[in-house]
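Asker: Going down the list, the protein sequences come from chains A and B.
Offset between the first sequence (1-based) and the working numbering: plus 210.
Offset between the second sequence (1-based) and the working numbering: plus 210.
Any given hint could be a false lead.
No copy labels: a pair is met if it fits in one copy or bridges any two.
Below are the EDC-like pairs computed for lysine to aspartate or glutamate, each with C-alpha atoms no more than 16 Å apart in a straight line [said to hold, decoys possible]: (1) LYS499 / ASP645; (2) LYS338 / GLU733; (3) LYS608 / GLU654; (4) LYS212 / ASP455; (5) LYS358 / GLU370; (6) LYS469 / GLU370; (7) LYS212 / ASP457; (8) LYS712 / ASP672; (9) LYS622 / GLU553; (10) LYS223 / ASP299; (11) LYS223 / GLU304; (12) LYS608 / GLU493; (13) LYS608 / GLU653.
Hint data in this document are derived by calculation from the structure and do not stem from the laboratory.
In this text the structure is predicted, and so the values were computed from the model without any measurement.
2 protein chains.
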Amino acid sequence: MKRRTHTCGQLRKSDVGQTVHLQGWVHRRRDLGGLLFVDLRDRYGKTQLVVHPEESPDLAKHAHELHAEWVIEIDGIVMARPDGMINKDMPTGEIEVKITELTVLNRCLPLPFQLDEAAKATEELRLKFRYLDLRRPEMQETLLLRHKIANVVREHFTGEGFAEIETPFMIKSTPEGARDYIVPSRVFPGQFYALPQSPQIYKQILMIAGMDRYFQIVRCFRDEDLRSDRQPEFTQVDVEISFADQDMVFATAERLFVKILRAGWGVDITTPFPRLKYKDVMETYGSDKPDLRFGLPFSNLTDHFRQTEFRIISSAIESGGAVIGLCVEGQAGLSRKEISDLEELAKSSGLMGILPLKLTAEGFAGSLVGKVADDDLRKAAAAVKAKPGDLILMAFGKKSEILKGLGVFRRKLADRFHLFDPNSHENPSLFWVVDFPLFERDEETGEVSPSHHPFTGWNREDDHLLDTEPWNVRSTAYDLVMNGSELISGSIRIHDPEQQAKVFQMLNIAPEIAELRFGFLLEALRYGAPPMGGLAIGFDRTIMALTGGSIRDVIAFPKTNLAQSLMDGCPSQVDPQLLKDLYITVNPPK
Amino acid sequence: MKRRTHTCGQLRKSDVGQTVHLQGWVHRRRDLGGLLFVDLRDRYGKTQLVVHPEESPDLAKHAHELHAEWVIEIDGIVMARPDGMINKDMPTGEIEVKITELTVLNRCLPLPFQLDEAAKATEELRLKFRYLDLRRPEMQETLLLRHKIANVVREHFTGEGFAEIETPFMIKSTPEGARDYIVPSRVFPGQFYALPQSPQIYKQILMIAGMDRYFQIVRCFRDEDLRSDRQPEFTQVDVEISFADQDMVFATAERLFVKILRAGWGVDITTPFPRLKYKDVMETYGSDKPDLRFGLPFSNLTDHFRQTEFRIISSAIESGGAVIGLCVEGQAGLSRKEISDLEELAKSSGLMGILPLKLTAEGFAGSLVGKVADDDLRKAAAAVKAKPGDLILMAFGKKSEILKGLGVFRRKLADRFHLFDPNSHENPSLFWVVDFPLFERDEETGEVSPSHHPFTGWNREDDHLLDTEPWNVRSTAYDLVMNGSELISGSIRIHDPEQQAKVFQMLNIAPEIAELRFGFLLEALRYGAPPMGGLAIGFDRTIMALTGGSIRDVIAFPKTNLAQSLMDGCPSQVDPQLLKDLYITVNPPK
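Chain A extracted, bound-state conformation:
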C-alpha cells in the first residue's frame, strides 16, 4: 500500500508545486470545457483533481470511467487554481491537483441514494445503507464531536480524581422500572443474565469498596416500547461520589458542562446554575424539564375567578378545579383566525380549550368580556403581569391536567411566536430541579412507586411524613435541564441498610423479594457503606442537545423504533443448535 502524503483536506496554496499522493472517494466527476474534474473526498475534506485530456489522453480515458464513491488513489502535482476558479468556501479551494497517475482501489455499485441528497431518501434506506449515510460530512462531524465530548468528559473526571471503572454487562436481573433484556446461560439452563439498565447497584458497590470517586461512559439497555427519542441501547456517563453532598455533585457537573459547552459551541456559561424546586417548575411551567430560553410563566388565577358569574368557570372551581393563565406579550392584535389557530394548538397540546383575553389600550376584548366582571379580569391581568397590547391565555379544569397541557402548549407558543432562536447557542438555559417527591402515587390504583429509583434518599426533615403522607416526602433526587432536555438525573443515595429496607417496604416489596432481587446490595450496605451520591448524564441526549439532531443521528449504528438494525438485519433467527445448547424453545403466537 502506497501511503498518502496528505489527506483530502490538507493542501493549501503554499503546497503548489509539490508532488502528492492522495487516497479517497470520488465525490463527483465532471467534464468542463475540455477539462475533467474529480472531487476527491475523505474524512478530512475534499480536494479537486484535474486531468487535461489533450496532454494525457489515456489518463483522461481512465478518469472518465470513474463513478461516484469509487475508491481511488492518485499521484499528482499541486497547482494553483486560475483566479476565476478559486473557491473561498473550501479550505482546499485555492489549489487543485493535476493527476499524473490514477489507480482504482475499489468500485461502487449504483448508489441507492445520492449522498448530497440524503434528505430526500427515506430514513429506512439511510439506515440500511448506514455506511453510505455516514460518509456525509454532517454525520461524520457528529461522530467526531461525540468523540471530542467523550474526551472532555474523561479528562474532566480524571482530573478531579475519579477513576473510570468498568462494570459488568452480564448481571443479575434486578428490574428497576423498565423491562430487562436477558441472556440465557448455557452452563445453568433455565437461568439468565440481564443486560444492565444502568450500573446503579455496581457503582454503589464500588463506593462500598472504597473507590471514592467513580465514573464510566457506559452502554445501558432497556427493553421498552420505544418512543422516537429512545433507543434500546443508549450511553450514559455514570458518576458516583463517596461522602458526597448535593453541592459537591452539582459543582463537578457544572464544571463539566462549562467545558462541554465551550468545546461544543464555544460558549461560556456561568455557574452555579439556578436550582428550582420541582413543585415550583411544575406550577410555573407545567413540566419538570421546561425550556427556559423563553418566559411564558403560568399564574394561578383560581382565586380571582372563584366568585365569577361565568358559571362554567366557577362551577369548575367549586368542584376542585383551577384556572391558570399566561401572558403572551404584544399579541393583542391577533385576528379571529389566528386566535382560532391558537385554540387548535391548545387542543393538540392536550387541553380542552383555551380562553383568550386581549388587553388593549381601550381595555379588555374577547369573548370573556361581559361574561366575567371587569374587576376579576383586571386582577387576572395583573397576576399574569399583562400590559396593554398583550394577549392573556387561560385554561381551567383539573389542575394536574391543565398544568400538563399548558406545559406542552407553552412550548408550542414559543415556536409560534418565535420567542427564542433555536439555532443560537448564546444563552442556553441550564438549571437544576430539586426536591422531587420520593414516591409517585398512581392516581387510579393508589400504588406507590419510586419517582427516581429505590436507592434514592430523602430529606430527613420529612421523616414524620413517611408513614402518613409518603407522597409529600421530598427525595434527595435532582435533574439537570438544558434547553428543555433532561440531561442529568441523580440523587444522594441511601447508605443505611435499615432505611433501604424501609423503602422496599414502602414500595410493597416483600422482604423475601427484596432479598432475592437486591439482597447483595442490602448485604453490602451492612459491611461499611459510606454516604454517597451521584448522577447519570444522558450522553446521547447531550450530543443531541449540542447538534440539534435526532437520537439516530448521534449514534453510529442506531436501531429503529422496533429495535431493529436495518443494516445488519437484527434481531434474526439463530443457529438452531445454539437454542438446543440453551435448552430453549420459542413458541411465538400464531
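Given chain A, work out where chain B should sit, using these hints.
Answerer: Here is chain B on its own, set in the frame of chain A:
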C-alpha cells in the same frame, strides 16, 4: 454532609497544628500504653488517629467501640509523632491526628475475612464479598492502573487522529468461531440479538463509511467453556485504519506500547520491535507466543540421527518423525535425581519423554552414550551450540507434537533454572509474529478453518497456492507477543468483495449461508470499501502483563470459570412474566 479537609493519604509534617476533618474506614484499632490508636483508611492512604483517654474519657469510650471497617468521620488536630513512633514506610508516617470529635457514619458486620489476610481466604469468599476484597490497596491500585492505561490508550489514539466510535452491543449473530451469547427479542418473538464477540464487522463498516481511523475500548463476549485465563466478558482495544499497510499498523501499536510500558513500569523500550515468522517461532520455540526473556532455542537434529543404530530413534525418523534438541547452559552437573525430575517435567509438558545428554570436559555422558555413535552426538551438540558443562535435552516423535511439548517444557525449564527474573521489568520481550497461515487444517477431518478470522487477507505472492495447498498460503495476520503473552492480534483485511467470497467458499460456507450471516458486510464491500487493516489489543491481558495478577484481579467484577458472579448471584432465575413476554420456555435436562 461535612466535607473532609484532606484524604487519608495527604497529611504531612508541614500540616502539624492544623484542624482537619477526615472520613474513611477503620483499618485497625489498638490500645497501646494508655493511648488508643485508630488507623483510618481510604483510597488515598492511611492516617493514624489517636485518642488520649485521660484527657477525653468520653471520646475514648466512643472510640473504643469502633470495629474494623466501620465508616467514621473525625475532627482533629494534626500532631507530629514522637521521634520513636515515626513510620518512614508510610507517607503520613510523620504525623498523627488527635481526635476532637468522632462520628460513626456506618457500621460493619463481622468480616468474613480480614483484609490483611485475604490471601488466606478462598477465592470464592473473596469474590462473594468483592466489595471487601476491593478495599485492599493492591486491588485498588490495579483498578487505578487500569484507568491510567486506558487513558494512555485513548490519548495515544486521539493524538494520532483516531476517533473513538461506539459500536452496538445488540448485533446480528455472526459466529466467528466461538459461541455467541444471545438476547431474545420481545418485538420479534423467535428472533435474537447476539452480544458481539468483537466489533470486527462494525469497524470494517466504519472504514467503508469513511471514518478513516477508528478505535474503541470495548467489551466483548464469548460463551466458551472457560479456561482459567478467560472471562465470558472481556475488554479489548479495537483499532482499524483505512489505506493501511502492516508497517503503519505496527508503528502506531509500537508507539502505544512505548507509552504503556513507560506509564506502567517506568521502562523505556526501543522500537521497532523484531518481526518473527510464524514458521520460525514454531520451529525454534514450539509456540506462536514464546517468552523471549530467555533463550533455549530448539534445533532440529533429525538429519544427524537419521543413520543412528539406536533403533527407537531411527525407526521413529523412518516413519516420518523428528528429533529436536535444546541446550541448557552449565547444567551438565545435574544429579541422577535432578535429571529424573526433568524427565517428569517433560512428561507433564505433554512429551513422551526426554533424552538427556551431558557434555562434560571429558566428553559425553548419559544413557545415549554407546547407543548412539559419538560422531552423531558431536554433530547434535554442535547443532544446539553446546559447550563443555552444558546439558542437551532431546525429544523425538511426531514433529508437531514434540514441538508443542517442548514449547511447554522450555517455559518450565526457564523457571526451573531461573533463566530470567519474572519480577524485573527492565528487559521485556516484545516482538511481532507475522506470516501466519491463512487457514488451519484439522488433521483428522481435513476441514479448513480460518487461522485468524474469515476477513483476513493473504499474501498475494501465494495466490497460486490457494486452490492447491491452501494451508501453505500466508495470511496478512499478525500478533504482538510480550513476555509470552499474546497481547495484540490483527490483520490487513480483505477489501475486495470477490476475494471475500472466495474465502467463504474455501471455508465451505455456501454462498447462501455466507449471504445470511455476512451478507451486509459483503454488500458493504461492494459500495466502495477502502483497503484497511487493524488490530485488537487484549486489554485485560495487557493489565495482567503489567501487574502479574490473574485475570480476575484486573477486572472489578469478574466471573468464575462457570461464568457466575458470586457477588450478585447471576445467572439466576428471572420473573416468569419476562419469559412469557418473550414466548420462551426452557426445558433443562433432568
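Asker: Could you work out which of the previously given hints the structure breaks and list their numbers from low to high?
Answerer: Of the numbered hints, all hold.
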